[in-house]
Amino acid sequence: MNVAAPITAERPTERPLAILVDDDASVRDAIGELLSSVGIDSVAYASARELLDTKLPDRPGCIVLDVRMPGLSGIDLQDRLLSSGISIPIVFLTGHGDIAMSVQAMKAGAVDFLTKPVRDQNILDAVSAAISADVARRKAEAVSRKAVALYETLTPRERQVLRSVVAGFMNKQIAFELDITEVTVKLHRSSMMKKMHATSITHLLSAWQALPASVRTGES
Amino acid sequence: MKLPSFITRRSSAVAISAAGVLLAGISLEPWGLLIPIVAACICCGWKKGLVMVAAANLLAFGILFYRDGIGAISVTALAVFAATGLGVWLLVHLFRSERFYDRVYDATHPSVEDIPGLGWFAYPDGRLRFLNPAALTFIGVSPEKMREWIDTDDWWTQFVHPDEVDRCVANWRHAMKTGEPILEEQRVRRHDGTYRWFRDTAVASRDERGRITGWYGHTQDIDDQKRAQAALHERERELRLLVDTVPSLISLLTPEGLPYYFNKRFVDWADVESGDAAGGAGRPLTTYTALIHPDDRAEALTRFQESIATGEPLSQKYRLLGKDGEYRWFDSRLQPLRDETGAIIRWYGVNLDVDDEVRSREALRLADERLSRALRAASLSELSVSIAHELNQPLQAVVANAGAFKRWLRADPPNFENASRISEKIIRDAESAAQVLGRIRALFAQASDQRQPVDVNAVITEVCDLATDKLQAANVRLETALDPRLPETTADHVQIEQVVFNLLRNSIEAMQAVDAHSRVLRIATRRLRNDLGSDRLEVEVRDQGPGISDPDRIFEPFYTTKADGMGMGLAICRSIIEGHGGRVRAENVAGGGASVAFMLPVQAVEAIAEDLKLRAGQ
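Residue numbers (numbering that gives the first Met the number 0), protein chains in the order written: chain A, 0 to 219; chain B, 0 to 617.
Calculated from the structure, these hints are not laboratory results. Accuracy of the hints is not assured; some may be wrong.
[What the hints assert, rightly or not] With the C-beta cut set under 8 Å, the calculated list includes, among others, these residues of chain B facing chain A:
#1 L320
#2 N391
#3 W407
Each residue gets a CB set at the ideal place from its N, CA and C atoms; glycine is no exception.
Could you build all of it, start to finish, from the sequences and the hints given here?
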C-alpha cells in the first residue's frame, strides 16, 4: 500500500517471530531449527493451553499449529484466538489430512494447511507468506489506528464537512446542505485538513480509506 | 384427689355443725354452738377445730346481742361460753394426741414399728393411723406433721409420682370396697424430691367375725431392681430393633441346621414364618431352602450340609425368592456359636442382598466384551491412521532438520557448528521413527493369531449385530443368504471378524453416493467343492454402489478411493485371509455395484499340510 508521508506505521521494521505449537518436542525443535537457519526467530509451546496462558509478544509473525494435540486441538485454539480478537495468521500442520478439518480451518482464516510430513521449503514458504501477511496487516492496522486518532480530534461539524469533501461536494454545495455560509465551510475545511495532517485531497482520501468501515458509515 | 371416707367425714361434720348452729339460732341459746366445735375437732382436725371455736364465739356474741340488746349483754356469759368452747377443743385435742403417742411410744404396735422398710397402719375406712419412723424419715416428715394427717386419708397422694396417683387411688378405693389385698408398684418422692420405685403390699386385718379392723401396709424400695430391669429391657429392645432393621436377612439355626428364627426383614421380604410365631420350634429346612433358585439349590445345599457336619463357617452366593416372585442375589454367611466346651449351640445366618452389585458387574462384563469386540472390529482403519500419525512426527522432524542442515551448509560462510548439531538431531529423529515401527511390530506380535474351529455364519451374524447402528445410520438394508450347512473352519475368530467387518464397512461407505432406496447390502456364504478335492467356503459381500474403478489394485497397500482413507484396510484383509490359506477377490457386478469375497479352506492349512505329508509318505 502506498501511503503518503504523514500517515505511516509507527514501527515499520521489526524482527518477525514464529510461534510453534506442537505436542511433539522433536517436531517443535526441528521446525525451530529450520526457521532459525533462514533467520526467523521462533518460540515453541507444547500445547494450546500453554500458548493461551502466555501473553503474545507484540511482534509481527505467525502461529504454526499442529491440528492433532491432546487437550485443546489446533482448531479449538484458532476459535479461541479469533473470539478474543487476535488475528495473527495461522499455518496448520496435520498428521493425517482431513478435508473437512482443513476446510474449516481455511474458512476461519488459516493461511495454509500442510500435511505432515511436509517438505522444508513448503514450511518456509508458508511461514514467510504468513509473516508478510501479518506485517501488512499490522501496517494497515497502525495506519488505521493513526487515522482514527486524528479523526477523533475533529468536531462534529468538521466531521460532516470531511464526509462531504470525500464524497466530492464543492464548498458551495456543502454550505447549502449544512445550511451555513461558504466562508464558514472554508474555515471548517481548513481546520479539518490541518487536524487530519492532510496537505491535499489525495492525502485526505487515503486517510479516509484507512478508517475502519464502522467509522466511515457508522455516524450520521 | 379426695377419697370417699374423707368426703363423708367432712360432709357429716358440716351437717352436724349446721344442725348445731340452727339449734342455737332457734333457741337463742349460745350453748348449742358447742356441737359444731366438737364435730369440727373430731372430724376435721384440731386446727380447723380452733377456727371453729373462734367462729362459735362470734356467733354466740351475735346471738346474745340479738336476744338481750347491746346494753344488756352479759360479759360473764360470753366469757364462760368462750372458755367452755376452748375447753372442749383442748379436751378433744389432748385426747387424740395421747392416743397418738400411745401408739408411737408405748409400742402398742411393735409389729408395724419394727418392720424393716416403710410400714404403715390405717383405719378400716382408709384414714391414716400410723406411719413407722423409717417411713417418716424417707418422706422427710416430722411426727408432728404426721399428727396433722391423722384421720385424713389423702395425705399420701402428694408423695406419689403424678403419673401413678390415679392408678394408686383407684387401687386403694377398690381395696377399701372389697377388702382385697393391695399389691402395686409406684414411685414415691423422697425428702430430697427424687422419686424412687416402691412395691406396696397391704393386707386387711380382720377380727374374729371377719370385719376389717384396719390395714397394714409394707412398702419396699425396689428402685435399683427396677432400674436394672428397665436397662435390661431397653438393651433387649435395641438388640431386637437392630436385628430387625439391619439391612440383611438374618436367621438362627439349631446345631442341626434347622432354622428357628427369622428377623423381621426376612419375614417381610420372603414371607416366611418368623420363628417367634412358631414358638421357637424348628421347622423343616426345606421351607428355607425352597427359596433358593433351582439352579443354585443343589450346590448351596451340599455346601450347607458340609458346613453343618464339619462346623466350618460358610460363605456362598445364591439367588433367593422374594414374596414378589423375583429372585435376588444374596451373599450368605453362616457362623456357628460354640459354648465353652466347643460344642455348637446355634448357627447364625446372614444373607446380604448383593443383587445390584452382581447384576451391574454382569452388565459391565457384557458391555466390556461388546466394546472390545467393537474396538477389534473397528481397529483396522483407525489403527492405520494412528500408525501414520506416530510415524509422521519423527519423519516431519527429520525433514525439517534436514532442511535446516542443508541451509547452514549452504550459508556463506557455511555454519558447520550448527550443521553438525542438527545432524545429531536428524539421527535421533530417524531412530525414533525406527522405534515406532518396532512398537507396532510388537503390538501385532502380541495379537498373534489363535486358531480354533470357527463357525463363519456365526461370525457374520455377530458382525451384523455390531454394525446395526452403522447400517441404520447409513440407511442401508441388509440381506443375508447364509448357507446353513456351512462347515466350520479352523481360523482366528477375531481376525475373521475384522475382515468381515471391514468388508461390511467398505460396502456401506461405497453406497453413500447412491439413492437411499437402492442401498442394499447382501452377504452370502456358500461351500465350494470340486472333484479335485478342493473344499472351500466363500463369503461374499455385495453392494449396490458405484462399483470399483480398478478391482485389480484394490487390495494393494495404500491404494484408496476414499478422501481420508489410508488404503490399508483391504490390504490387511488380504494378508489375514492369505495367512489362513485363503484368497480374496473383488469385481464389479453386471447390474452395478461391487462384489468382494474371500474364500477359506474348510480344512485348516496345517491339516492340509499334514494330509499332503501323509500322501507323500504313501
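We went through each hint and held it up to the structure:
Against a cut-off of 8 Å between C-beta atoms, the interface hint on L320 of chain B is violated, since the closest Cβ of chain A lies about 52 Å away. Hint status for N391 of chain B: holds, given a least beta-carbon distance of 4 Å to chain A, under 8 Å. Among the interface hints, the one on W407 of chain B holds; its C-beta lies about 5 Å from the nearest C-beta in chain A, closer than the 8 Å criterion.
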